[in-house]
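Input sequences plus hints: build the corresponding full structure.
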Amino acid sequence: MAAEKLSVVKAINASLRTALENDPKVLVMGEDVGKLGGVFRVTDGLQKDFGEDRVIDTPLAESGIVGTAIGLALRGYRPVVEIQFDGFVFPAYDQIVTQLAKMHARALGKIKLPVVIRIPYGGAIGAVEHHSESPEALFAHVAGLKVVSPSNASDAYWMLQQAIQSDDPVIYFEPKRRYHDKSELDRSAIPAPLHAARTVRQGTDLTLVAYGPMVKTCLEAAAAAEEEGKSLEVLDLRSMSPVDFDAIQASVERTGRLVVVHEAPVFLGTGAEIAARITERCFYHLEAPVLRVGGYHAPYPPSRLEDEYLPGLDRVLDAVDRALAY
Amino acid sequence: MTVDSTAARKPRRGSSKRAGAKTRAAAPGEPELVQLLTPEGERVEHPDYSIDLTADELRGLYRDMVLTRRFDAEATTLQRQGELGLWASLLGQEAAQIGSGRATRADDYVFPTYREHGVAWCRGVDPTNLLGMFRGVNHGGWDPNENNFHLYTIVIGSQALHATGYAMGVAKDGADSAVIAYFGDGASSQGDVAEAFTFSAVYNAPVVFFCQNNQWAISEPTERQTRVPLYQRAQGYGFPGVRVDGNDVLAVLAVTKAALERARTGQGPMLIEAFTYRMGAHTTSDDPTKYRRDEERELWEAKDPILRLRTYLDREGLADEAFFAALETEADALAKRVRDAVRTMPDPDNMAIFENIYADGHALVDEERAQFAAYQASFAEESN
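Protein chains in written order, with the numbering used here: chain A, 1 to 326; chain B, 1001 to 1384.
For the record, the hints were derived by calculation from the structure and aren't laboratory data. Virtual Cβ for every residue (Gly too), placed ideally from N, Cα, C. Treat the hints with care, as some may be off.
What the hints assert, rightly or not - The calculated lysine-lysine pairs, modelled on DSS-like cross-linking and capped at a C-alpha distance of 25 Å, are: (1) Lys35(A) x Lys1172(B); (2) Lys25(A) x Lys102(A); (3) Lys1303(B) x Lys1290(B); (4) Lys1172(B) x Lys112(A); (5) Lys48(A) x Lys1172(B); (6) Lys1172(B) x Lys25(A).
Said to hold, decoys possible - Chain B residues, not near chain A, derived (Cβ > 12 Å throughout): (7) Pro1031; (8) Gln1215; (9) Ser1219; (10) Arg1227; (11) Thr1265; (12) Pro1288; (13) Met1345; (14) Asp1347.
Said to hold, decoys possible - Part of the chain B face toward chain A, derived, beta carbon under 10 Å: (15) Met1133; (16) Gly1140; (17) His1162; (18) Val1170; (19) Phe1199; (20) Tyr1203; (21) Asn1204; (22) Asp1366.
Here's what the structure looks like:
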């Protein structure tokens, strides 16, 4: 099949459709995922085609959604649950952390928990409080969970397929500000492994690592830097747990400089872990300290201030300049 | 035995179905309590819940309760001797657990909290399997699918949702088995239990919620959890609730069988409040003398679940001295087996830290496992 061009929303929808068609044990669950098709229309039309037993509108109770998904997984189902917005996941955090993440180990491997939790995350859509957060580090910190985030339609499709097929619980963060960006999807392609980082632009002077919504920002930064004669490499991390440190290391060994970019607060974030690991691995290759660009140690601000809070082109390029100045 | 939902919702007082047996009437203002065997060991009838057991079955229930109590006592002793880090005793709750556990069918699925040693016994889980987590060698350690008995859950009430989800799956499969979720009066305050009630009701899931109201959540009395009798909560969610004498193994058996049958036949969830008493501490870590009076325990000791069945068996001549003597010997043997098993339980291998975290593997775990192995190996090299 030739590549088609479609939005991230449509790619996720297509991915869910494929999963529902391929495996009768796959279920889609969440608030408003049925008739409405989800508040972002990610599940549009699925209930109509697969029925209320497969695409399940749930009560408005996040702990209940995840807790019952665990029970369904124990019965042999593969639930894909939707948390409506990032900031709403916390009522379910207990079930995810104390139950979902640990049950496989507690049963000495005798049971599997193939649950996928889809969470639209990140800012820049002018939303109200609790609708623009990036809590990925809170999940990546928990052993037993895998955490991924696609940045384009192809990854959105394939990574969700892989997450659903995984016997481990996967937290699948969807970059909601990129939902309507279109890119190519080749459904006959052989996808990259779920947890492999990918070089999305080659360069020689500095490596930018980003994931989800910040990949596009970093590509724009690299294009702007090129006009100033700087050659930036951009890595799409794709997975926050596990992290493909080997790919970052290989890039940094060539460029000598690393800047990590994410929307989430810098403090104790994914970038902190990458900076520490890469410093250990690449100490003699680094020409500058690893720098991080991200959110502040502040609650996500009212939307009139979010442009100041979120890493934009200028903040990324400023960090690039600082790294290159060493 | 089946019971229609109306009957389950409203236990009625009425004439006895069984000639010669008495019917217990609730005192004015006291919530209805299903009882088939009085604290004095007298058989009574309830209009909605009846049960007819053979002498063999009655002796079987007695045996289960005695052996469970003995196992529990041995575990408490082992904790005092430093062999277990902690123990959550079921002393006083044997009837609630054996009665409900024996009501389940092999293909039913049980989601326990951390005190359901008697239910585990009924499900055929080897009692020594329960001790691993209390000794600190694992966090559960058994295969839940072997006896359809899920792992103990420490976080209060979480398993009510797992049971509900599992039951939703049972219904999707078109199976006619049922699911039972255990929790305590303290857990009734948790949001997860409330959410489980909501989900089970709206999806008509075949799940029975079995609340052992043992009157205390560590040091917090039931009055700190609720202003209405717990079984009445069910009504607000749209399914029946019933309070059963939790120290009456016959009543618990009858009510749980009815509730499970109800679930199996597509009539949805039901809440059973087993009104009982925790005679010991919450766990070996607390000291109930700091928060409750001796007189309270004495009052409940008079309602001892084992004693009352013994009185009944004696009075009706359903068991002879040889039975009780043989049971005593069996209990001693069980205690010894448990003691020996705990004392010889091997510590897990160091590498167990890294086992079974992910089904499909994880690069960071692989890396840290290798580092840890190399670090451990360095000691072996030093000692060479």
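| field | Structure versus earlier hints - violations, ascending order | value | Going through the list in order, the structure violates hint 21 alone and respects the others.
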